[in-house]
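J.: Given these sequences and hints, build the entire structure.
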Amino acid sequence: MVDVSKGGTPSGSVNLTKGQAINLQKNDGGTLTAVRMGLGWQAAPRRGLFGSRTREIDLDASAVLFADKQPVDVVFFRHLVSDDGSVRHTGDNLVGGVGQGGDDEAILVDLPRVPVHIDQIVFTVNSFTGQTFQEVQNAFCRLVDETNGDELARYTLDGGGQYTAQIMAKVHRAGTGWQMTALGTPTNGRTFQDLMPAILPHL
Amino acid sequence: MTAELVRGQNHPLSQVRLEVRISAGAPIVAGATIGDEQGQVLGVEWVAHPGAPTLPGLEVSKQAAADHRLAVDLGAMPEAVHRVSVLLALPSGVGGPVRFGAVAAPFVAVTGLDGTEVASYTITGLEAESAVIAVELYRRQDAWKVRAIGQGYSGGLAELLTDQGLSEARHLADTIDEAVSRAHSRSVAPPPPRALDGDRTRRTASPAPAQSAAPYAAQGPQDTQSSGAPEQAGPLVQGGQGAASAQPSPPYGAQDPQNTPTQAGQPDGSAPAGHCGGAAQADPSATPQPSAPAAGAPIDYSHPRRRTAAPSPAPQAAPPAGPGQAARPVAGDAGGWSMDERLYNQVWGMFEDLARSVAAYRSAVDFADSRLEKEIDKALADPRSRVGRGDAAREAARAKHAELVDQARAALDRDLSQLTAEAEVVEPALPLPYARWDNPVWHGYRVPMEMPMALRLGDLRLPESAELSIPMLVRLPLERGLWIDSGGESLDGSLLDSDELRRLAMDAAVTHAARLLAVHPAGEFTVHVVDPAGSAASALAPLVRTGVLAGPPAAGAAGVADILGRLTQRVDLVQMAVRGGAADSLPPDLDTAQQLLLVNDFPHGFDDRAVTQLRYLADEGPAVGVHLMMVADREDAAAYGPLLDPLWRSLMRLTPVPDDHLADPWVGHAWTYEPSVVPRGSQVLQQVLSQVAAARRSGNR
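Line by line, the protein sequences give chains A and B. Mapping of the first sequence onto the UniProt record's numbering: residues 1 to 203, in sequence order. Mapping of the second sequence onto the UniProt record's numbering: residues 1 to 701, in sequence order.
No wet-lab data here; the hints were simulated from the structure. Since the model is a prediction, treat every value here as computed from it, not as a measurement. Fair warning: there could be bad hints in the mix.
[As the list claims (entries may be wrong)] Below are the DSS-like pairs computed for lysine-lysine, each with C-alpha atoms no more than 25 Å apart in a straight line:
| no. | chain 1 | residue 1 | chain 2 | residue 2 |
| --- | --- | --- | --- | --- |
| 1 | B | K400 | A | K69 |
| 2 | B | K374 | A | K69 |
| 3 | B | K400 | B | K374 |
| 4 | A | K18 | A | K69 |
| 5 | B | K400 | B | K378 |
| 6 | A | K69 | B | K378 |
T.: If you want it as structure tokens, here you go:
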């Protein structure tokens, strides 16, 4: 119960619905420099005997950097930093749900450092071990102002289904600033590479 | 805590249910062979591969992939099984790369079921090989261990399996290829090539394994950026492929009386980056450190027995910047226990930031170029476009191109000016081992009381930032030997007279040796010189005249044989003592100093036995404090053919003149290396060596 245990959405944060976009700026209106895309999930409770046994859900968060719909770089558990240094993955979490209320995996984006030709960064979560989202609950992504920890936006996914990946959100250029759009598209694949066909329509 | 293994190193496994995670820049085949107590693979049914993916206690993937997770249950292995060798191969006949040299270095990690890494290994130095034994899990006295192997085979799976003793190797290799191509026809298209290329360095947020294995990797031949000769790059990459003598070596991780336990540790180059946002706060406990004292504690790089003072206070934080202004850089603005360590980390942070900023710039320019090309092609192909409209389209495309390139340049200039400002405060603050020879700190030289953590061997630059140079710091004790290349030509294409180049190479070698002598405490670093024909007498004069050498330069075949014999014996003795856990049993008269052998004119004066000994020293020496510095033109030794390839490959190649052959561990740019030179007319080398010699004499008294 990620959200509820923290008493709902922190003030100032926008709860996004699928397809909704917000402009990214500091809560005081200033320019954002560093943001963190936090992704979290929990194993759905098991029914019946031994229902409390811990189960592991190994979801992997990835970020794909696009320039004019061409993938340029990918940040994932085996390539933790984009070559340009602007996007950093904080590391693979193989269990999920460990930090209740916290993020299971986080990807940091240093916005001024994003190369000028990169116009969209798409965030995905996929199940390497092939578990479906039926076994996952409370999957969310949230964007945090890394400089002060303020949550800017949160998107909680609908209930799970028979798919192994989710295209969560994208952060993209809009004018001189950046926007975040909640995507929430279920798809299938073990790694980001499998997700490419599903990502392309969202660019 | 993860042990980052180097080739030959082993690590105990406390669990029997494991995963072997493999990651490569391109789809590869993963499999495993199991062997009995003698290491024999008794038949094809002892091999798990895509065509037969399951054996008791072992399961591999059915298809080629860039990432694998092999499930291993050592407890379920039959009693007879004593060895599990994990093998990787590039799939043949599917149009992918055919040599490991063309893809990112494969990364292998042994993890527990909860994903905790137990040990990891980056297989560097592969070239023409298309199959490789990555690691082996083996049973020793009822306990299992993992060993990093990295044995490559240019003959592919067939050669690898033959080497494992399988008579049906060729047939089995064909079976595997067939199974893979069947699976391939079912699988999705390979990932975008750029993303693959981007996957050259992995786990950089936690320390890059590439960095700890080979902080300055040689430029890979796949780098089109490099104007340097790719064929020369081959021998520079560390470690890797199998020399006859490259059998799995004894535990490198074992403590040796001369080596600090920190030898394999390489601080996180990304951590200190002062201006890369929140990402700079990397967890210090994630630093690779096989023999780390306590999990979770910050890594202490200084010698445990030489700690003389409490950690010096942290430098003052950078003053808050005014609005819209970048923070003013401060020397030592990075993590570390001592000022030297903080500066070391800061230099690595600057190195990484520059590499990445230039990567961003190059990526943007490449994109602008290819977009321009596409748009012009489109304008040309459009049948409706009249002459005038086609011109307008081309004009618009060019304007778009120029605008993007200008933006990219502006972003790069912003980063460069920040890094330049940082370099301006860092360079003067560098301690003597990291300082250029023209730094005044050298005039206050005193023989040090302890070995520094690193040494500057020169400067690194990129063409985009000729003004900004990054000190090239290598960890001490040296993890690999040095090769000062006296062949080839200089970067600007001007063919130097070969005698001139040889002289410059020897001067550079003497300067490096002098610096090594200067930064070690009195009597803790011994330099031997082999100059078979006496051709380097004038270059060696500063070392000979001041009396800092262990003895006069060895001349002739007899001199070569004598000195190699002594050093080989020393390596054997120390290895035996380390293996037997009996460091006390070393002869009392053994010189406990680190040893450096400087070889000029190779292979002049070397017979076959001497060559074999030299290769042995290059392989086994660094772990027991015996180091090699070769001043050589590879062409001179061409008669030996591929026999010497592993030797050249095991050494770090440096040049006497600027040359762009060194790659950074993050994006693999070709950096121009320039050796540190003593300013013309300066007496600093002479003065420093005189003090070193005086300290040696008083120590021996």
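J.: Decide, hint by hint, whether the structure agrees.
T.: Going down the list of hints, with the structure as the test:
| no. | hint | verdict |
| --- | --- | --- |
| 1 | B:K400 <-> A:K69 | 17 Å, holds |
| 2 | B:K374 <-> A:K69 | 14 Å, holds |
| 3 | B:K400 <-> B:K374 | 12 Å, holds |
| 4 | A:K18 <-> A:K69 | 21 Å, holds |
| 5 | B:K400 <-> B:K378 | 15 Å, holds |
| 6 | A:K69 <-> B:K378 | 17 Å, holds |
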